[in-house]
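Q: Given chain A, work out where chain B should sit, using these hints.
Going down the list, the protein sequences come from chains A and B. The numbers in this note's numbering rise by one with no breaks, and the one at position 39 of the first sequence is 39. The numbers in this note's numbering rise by one with no breaks, and the one at position 27 of the second sequence is 27.
Some hints could be false.
Because identical chains share one entry, a pair is satisfied inside a single copy or across any pair of copies.
[Stated by the list, open to error] Computed list of lysine to any residue pairs in SDA-like fashion (alpha-carbon distance at most 20 Å, straight line):
| # | residue 1 | residue 2 |
| --- | --- | --- |
| 1 | K40 | N69 |
| 2 | K11 | L29 |
| 3 | K40 | D53 |
| 4 | K37 | I8 |
| 5 | K11 | Y75 |
| 6 | K24 | D53 |
| 7 | K64 | D49 |
| 8 | K40 | I50 |
| 9 | K24 | G81 |
| 10 | K37 | E80 |
| 11 | K11 | A25 |
| 12 | K11 | G30 |
| 13 | K11 | E52 |
| 14 | K37 | A15 |
| 15 | K37 | E48 |
| 16 | K11 | E58 |
| 17 | K11 | D51 |
| 18 | K24 | V71 |
| 19 | K40 | V6 |
| 20 | K11 | E48 |
| 21 | K40 | I8 |
| 22 | K24 | T74 |
| 23 | K11 | A55 |
| 24 | K11 | D53 |
| 25 | K24 | E60 |
Since the hints were derived computationally from the structure, they do not count as laboratory data.
There are 2 protein chains.
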Amino acid sequence: MVVAEVVIELKEGVADPEGMNTKKALNLLGWDVEGVKSGKIFEIDLGEDIDEDEAREEVEEMCKRLLANPVIQTYDITLEG
Amino acid sequence: MVVAEVVIELKEGVADPEGMNTKKALNLLGWDVEGVKSGKIFEIDLGEDIDEDEAREEVEEMCKRLLANPVIQTYDITLEG
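The following block holds chain A by itself, in its conformation from the complex:
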């Protein structure tokens, strides 16, 4: 079973209100954190019949077409199994 882990984060310079508000909330709770970045993660089960090169290529296409917005987001793909 090949599983791809896709981490999607905002590019540097793009406003991250969820991250900023999480930082504020942590500060209010007494933790002295200096910054928080928020992001999304998808674990995609690609089944058995696929090799690593093919898997990476497919998942990159999925990121471009559906999972990420390449204008403001970066994606990072890790394959397991």
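A: Showing chain B alone in chain A's frame:
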């Protein structure tokens, strides 16, 4: 600089509508994926003046109190730097 990466996912058995709809959308686009799990990721900058044990303990407390809902979510902490 110590940065903690926190991955928050739904526990097994908890409905994941975002994951299910992402799977459906990928299938409709022609990809034969067998399952998608969605989750969140936070990168927390803890500053310089903290050692690894202390950092892990603090971030675990942050997960319990703010970042995750331990009833339905799991969290996984990785420290860098």
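Q: Compare the structure with each hint and give your call.
A: Do the hints match the structure? See the list:
Proximity of K40 and N69 under a CA criterion of 20 Å is satisfied in both settings, with 12 Å inside one chain copy and 16 Å between copies. When the C-alpha separation of K11 and L29 is checked against a cutoff of 20 Å, the pair qualifies neither within a copy, at 28 Å, nor between copies, at 26 Å. For a Cα distance limit of 20 Å, the shortest separation of K40 from D53 qualifies neither inside one copy, at 24 Å, nor across copies, at 26 Å. Taking the closest pair of Cα atoms, K37 and I8 come within 20 Å of each other both inside a single copy (11 Å) and across two copies (14 Å).
Taking the closest pair of Cα atoms, K11 and Y75 come within 20 Å of each other only inside a single copy of the chain (9 Å); across copies the shortest separation is 24 Å, beyond that limit. Taking the closest pair of Cα atoms, K24 and D53 never come within 20 Å of each other, the shortest separation being 42 Å inside a single copy and 23 Å across copies. In this assembly of identical chains, the alpha carbons of K64 and D49 never lie at most 20 Å apart, being 23 Å within a copy and 39 Å across copies at closest. Taking CA atoms no more than 20 Å apart as the test, K40 paired with I50 passes in neither setting, with 25 Å inside one copy and 27 Å between copies.
Taking CA atoms no more than 20 Å apart as the test, K24 paired with G81 passes in neither setting, with 38 Å inside one copy and 23 Å between copies. With identical chains, the CA atoms of K37 and E80 are at most 20 Å apart between copies only, with a shortest distance of 14 Å across copies and 25 Å within one. Neither within a single protomer nor between protomers do K11 and A25 lie at most 20 Å apart by alpha-carbon distance, with minima of 23 Å and 25 Å respectively. For a Cα distance limit of 20 Å, the shortest separation of K11 from G30 qualifies neither inside one copy, at 28 Å, nor across copies, at 28 Å.
Neither within a single protomer nor between protomers do K11 and E52 lie at most 20 Å apart by alpha-carbon distance, with minima of 27 Å and 27 Å respectively. Taking CA atoms no more than 20 Å apart as the test, K37 paired with A15 passes inside one copy only; the shortest distance there is 10 Å, against 26 Å between copies. Proximity of K37 to E48 under the C-alpha cut-off of 20 Å is restricted to the inter-copy arrangement: shortest distance 17 Å between copies versus 34 Å within a copy. Taking the closest pair of Cα atoms, K11 and E58 never come within 20 Å of each other, the shortest separation being 22 Å inside a single copy and 27 Å across copies.
With identical chains, the CA atoms of K11 and D51 are never at most 20 Å apart, being 30 Å at best within one copy and 28 Å at best between copies. When the C-alpha separation of K24 and V71 is checked against a cutoff of 20 Å, the pair qualifies neither within a copy, at 27 Å, nor between copies, at 24 Å. For a Cα distance limit of 20 Å, the shortest separation of K40 from V6 qualifies both inside one copy, at 8 Å, and across copies, at 11 Å. With identical chains, the CA atoms of K11 and E48 are never at most 20 Å apart, being 33 Å at best within one copy and 24 Å at best between copies.
In this assembly of identical chains, the alpha carbons of K40 and I8 lie at most 20 Å apart whether taken from the same copy (5 Å) or from different copies (9 Å). Taking the shortest Cα distances, K24 and T74 never come within 20 Å of each other, neither inside one copy (24 Å) nor across copies (23 Å). Taking the shortest Cα distances, K11 and A55 never come within 20 Å of each other, neither inside one copy (24 Å) nor across copies (26 Å). In this assembly of identical chains, K11 and D53 lie within 20 Å of each other by CA distance neither inside one copy nor across copies; the values are 26 Å within and 30 Å between.
Taking the closest pair of Cα atoms, K24 and E60 come within 20 Å of each other only across two copies (18 Å); inside a single copy the shortest separation is 34 Å, beyond that limit.
Checked against the numbered hints above, the structure violates hints 2, 3, 6, 7, 8, 9, 11, 12, 13, 16, 17, 18, 20, 22, 23 and 24; every other hint is satisfied.
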